[in-house]
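Residue numbers (the working numbering): 1 to 425.
One should not assume that every hint holds.
Claimed, not checked - Have a look at the derived ranges for each label pair, beta carbon to beta carbon:
1) Leu200 / Arg317: 54 to 60 Å
2) Ala115 / Glu63: 27 to 33 Å
3) Asp396 / Gly46: 21 to 27 Å
4) Asp396 / Arg66: 26 to 32 Å
Think of the hints as simulated: they come from the structure by calculation, not from any bench.
Even for Gly, the Cβ is constructed at its ideal location relative to N, Cα and C.
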Amino acid sequence: MTAAPYGFYGDDFTGATDTLANLARAGLRAMLFVEAPTPARLATLGPLDAIGMAGAARTLTPEAMRAELARIGALFAALGVRVMHYKVCSTFDSAQGVGNIAVAIDCLRGHFGNALVPIVGGQPNLGRYCAFGNLFATAGGAQVHRIDRHPAMSCHPVTPMLEADLRLHFERLGVGVNSLDWRAYALPDAALNDAIDSLLGAPVLFDVLDDTHLLRVGRVMHQRSARTPMLAVGASSVAQAWAMAAAGQRELSVSPALKAAQSPVFVLAGSLSPMTEQQIEAAHSYQRVELDPCAMHVAPYRRERRAKITDGLRAGRHVLAYTRRTPVEISADASPLATNCAELLRDVVADARPGRIGIAGGDTSSFSVQALRPWGLSYVATLSTGVTICRVHSDDTDTHGLELMLKGGQMGGVDCFERLVREFG
């Protein structure tokens with residue numbers, strides 16, 4: 001049974017929706033699933049160009065990752081996809097003990113027999129660039145930082161990026177990689193393929209500085225996956241490369257317009273990033289409810305916060321609940337806080353059913369979406385670069401049709417939460 005030529009698994013939900021958006025805006029028919037699709041479910045959807053699964057592998061231990069990805073690899077191999085994209089954060093942050101990308105490669109490559117395992121090293125539309133194997137990224141402005149000097153990613157509380165050379169980064173995670181630098185893209189096709197062949201035997205990291213590089217990588221992926229199914233690793237730039245090569249160097253379509261919210265909006269900001277803090281400060285249309293990260297595990301405290309949020313929503317106000325920026329050291333394991341935030345979101349939706357929800361933070365998004373128990377998400381609009389609004393598909397009438405915005409901590413402009421309540425596009 002072939003569902004689609006392109007498959008992707010997002011190691012967190014925010015990234016998975018960004019990949020969904022890039023494919024949809026390229027004119028491809030794509031659906032993101034939260035649970036494994038059954039043949040009956042796929043039959044009701046009709047032909048798809050891309051099929052995705054949203055997961056939370058970036059929060060898991062290596063043992064838990066192996067259990068999760070054994071199931072994912074078998075699923076996509078059975079679906080007959082030509083490219084299996086393991087979608088990671090565009091900053092490639094990962095650690096040996098949590099969300100280890102090397103473990104993912106080891107788990108998945110046995111299901112897809114192509115000798116080439118491309119790692120696409122940059123995503124220019126997000127301000128991510130890879131040159132001579134080294135990763136660079138912006139931080140919400142024009143300035144580009146080497147990733148190990150990035151103001152946020154170099155001191156990430158769970159997966160700090162302390163090495164800019166992705167070859168060394170992957171080696172420390174547990175897998176050796178070879179590197180193809182950007183100068184090779186000037187070669188004719190035959191010479192480029194010879195250069196790639198000389199690097200096989202290990203995953204190949206592809207430099208990316210602009211969209212012409214993505215187009216060339218996409219053509220390589222199309223040509224080689226036509227013969228043997230391929231595992232590819234990287235941010236949504238893998239999907240961009242694939243879509244560019246499928247349709248020539250065509251620009252992404254303009255995002256559909258989004259109408260102003262017709263009912264109160266609820267935003268849950270679990271990210272502690274500086275960008276999210278700026279977005280919270282700029283969210284003047286909302287009643288704000290502060291959440292103490294160190295008290296969220298206490299049931300009476302959550303009930304009191306829940307009541308304050310639902311009272312605001314029922315009174316017709318937009319409500320933004322955010323985790324306090326606290327000097328108290330929080331455990332590097334973000335799962336307990338994310339789980340408690342997810343329980344809060346589930347209860348608020350049951351009590352007040354806002355028509356549009358925003359969630360900020362990769363871990364918070366992954367756990368919160370699972371708490372809503374959808375079976376899938378479809379693309380609605382792009383709020384800003386890297387920030388997607390989806391429609392919830394669920395067998396539960398309380399959540400089916402909800403509009404859901406997911407964003408990583410560093411994503412979106414300062415006015416991101418304000419844009420969520422008003423018409424744009």
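We went through each hint and held it up to the structure:
1. Roughly 58 Å separates the CB atoms of Leu200 and Arg317, a value that falls within the hinted 54 to 60 Å.
2. Taking the beta carbon of each, Ala115 and Glu63 are about 28 Å apart, inside 27 to 33 Å as hinted.
3. For Asp396 and Gly46, the hinted distance range of 21 to 27 Å is satisfied, since their beta carbons lie about 23 Å from each other.
4. Separated by about 31 Å at the C-beta atoms, Asp396 and Arg66 satisfy the suggested range of 26 to 32 Å.
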